[in-house]
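> The residues making up each chain are set out below.
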Amino acid sequence: MSIDVSGLTKTFPSTGSGRRGDFVALDDVSVSLPTGQLTALLGPSGGGKSTLLRIIAGLDTADTGTVTIEGTDATRLPPQKRNVGFVFQHYAVFKHMTVAKNVAFGLEIRKRPKAEIAERVDELLKLVHLSQFAHRLPSQLSGGQRQRMALARALAVEPSVLLLDEPFGALDAKVRKELREWLRRLHDEVAVTTVFVTHDQEEALEVADEIVVINEGRVEQVGTPDQLYDDPANDFVMSFLGEVTHLSGTVVRPHDIDVSTSPQFAGAVEGTVSRMLRVGFEVRLHVLTVDGEDVSVVMTRTHARSVGIREGSTVWLTVAAGATVVPSMRAASQVEMAG
Amino acid sequence: MVDVSAPTKWLLRLLAVGYVFFLVAWPVALVVKETFSDGLGNLVEALTDSQVTGALQLTLMVALWAVVINTLFGVGISLLLVRYEFPGKRMLSAMIDIPLSVSPVVVGLALLLVYNGRTGWFGPSIEEAGYQVIFDTPGMIMATCFVALPLVIREVVPVLHEIGDDQEQAARSLGANAPQTFWRITLPSIKWAVVYGVVLSLARSLGEFGAVKIVSGNITGRTQTATLVVEAKYQNFQQSTAYATSFLLIFVSIACLVVVAFLRPKHDS
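Protein sequence lines, in the order shown, are assigned to chains A and B.
For the first sequence, our numbering assigns the number 11 to the initial residue and increments by one for each residue that follows.
For the second sequence, our numbering assigns the number 135 to the initial residue and increments by one for each residue that follows.
Here are some, though not all, of the chain A residues that point toward chain B, as calculated from beta-carbon distances under 7 Å: (1) Gln-90; (2) Gly-116; (3) Val-167.
Just so you know, the hints here were simulated from the structure itself, not pulled from any lab data.
All values derive from a computational prediction rather than experimental measurement.
Beta carbons: idealized from backbone N, C-alpha and C, even for Gly.
Working from the sequences, and respecting the hints, build out all of it.
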């Protein structure tokens, strides 16, 4: 195991007046992140995932618990001795240095020979497709280019782990998508143990080998994207990884509900279509059941037409065979759409 | 921007220019005019007067020491104030502004109370150890440091806030220790703020009068700085020398500001 974290707790003293108590960012977190893999720390904002990453990097210190990197106890090590690469959400570029100097920084600190530094910088700039910008200042680069430069800078020192804190969070949607695909390919090429923090489930599902879901300072579930999606440990994980709705005491995905205009199956729930919304190829239904639940259902346009559903029609809902369901933790009266 | 009618615009401009002209430009110009009323004669006379040249040298020495000390402490205290949390931080920040609000004469008296050789708190023991503070250069440097204390700090603190500590953290994660991070990352980022603070401190130190007059004892030829010479000459009816010395002080201060205006990049990015 490359990074072992055990029993980490971190509280931040409350700063605002009138606020009660301290803020618990991490509550007894233990997790092992495997060598050579791309792991995502996924969770809502303020859930503690960035704090965990910063503690692994040594940029924050935990109140209790230990951090082991590649078998060495790093709990008390200062950041410069941990040999981790860190990429910040807002790039943290060295504004007064050229792109090449930025990338060379870690090597110059390590007093490597000049020729070796030049060669390595060259190689890294090629890797991140910034060779032609070597002599520019960071202010002359776009956001995506700056982040690629920051990545090259972090990789330059050949870190044993690469940590990325919401690396694409400050970029626009299109660049973000490009960069995440690029990060996946880069990781397959360089194969350094990588951990990245994100609150975007699509990003995590698409890029990561393994996902750690963190919420309110605790680890909710650890697993591959498929495991998490197909076998969520609880309704939080399920609702965080995609849209969900509630049907007769279970949490289920809206596209996993079968709709028919006659009571074909035992246990089908009767309801009325209260709202019907078409978005491109899909149709979103809101069905008010006889039990008073508001269930949302997603189906293709073609399917909706063939069944003959329109607003006001009476339908019977069943959970599709093979669908992922978890028991609902909420009382039926509080049922509301999540996600 | 709100549109203002043309006459109002002109009236406002005239008011602003007139205000600065009558308050600053005209009086200063008159000093220059008096200096050169008989060509270079007044300047030559002043520069051959050993009382004046001695005072100028002393002023320069005191000002340079004060600037060096204030720059080192200023950058250090700025880092402390911006990057660290500690009890009493707000109090420290408030105390740094005291020199701006307290009259320099009061500063001089206060230093005198603590360091004078006969009844001061520390004075007698320091003097026994062989150092004279009051009525000598150390006291004058201390007084100058005191009055110019906030200038570097008030320039550097906002810049440190603005750049944040992202770059410093990145440097640390790349293997730089604290001194390396300071020299390679922090200092280049706050360079212009430091330069500006240094120039303001230098100008302020060269012109210090009240505090220095009290702690120096104003001993002619020994602890008299340029500003004190200006006063002494003026009261001795040697106005022309007073004007010439004043001109030199003005010249150095303006030269500092001009040099910085040229050195400073148009936009800091």
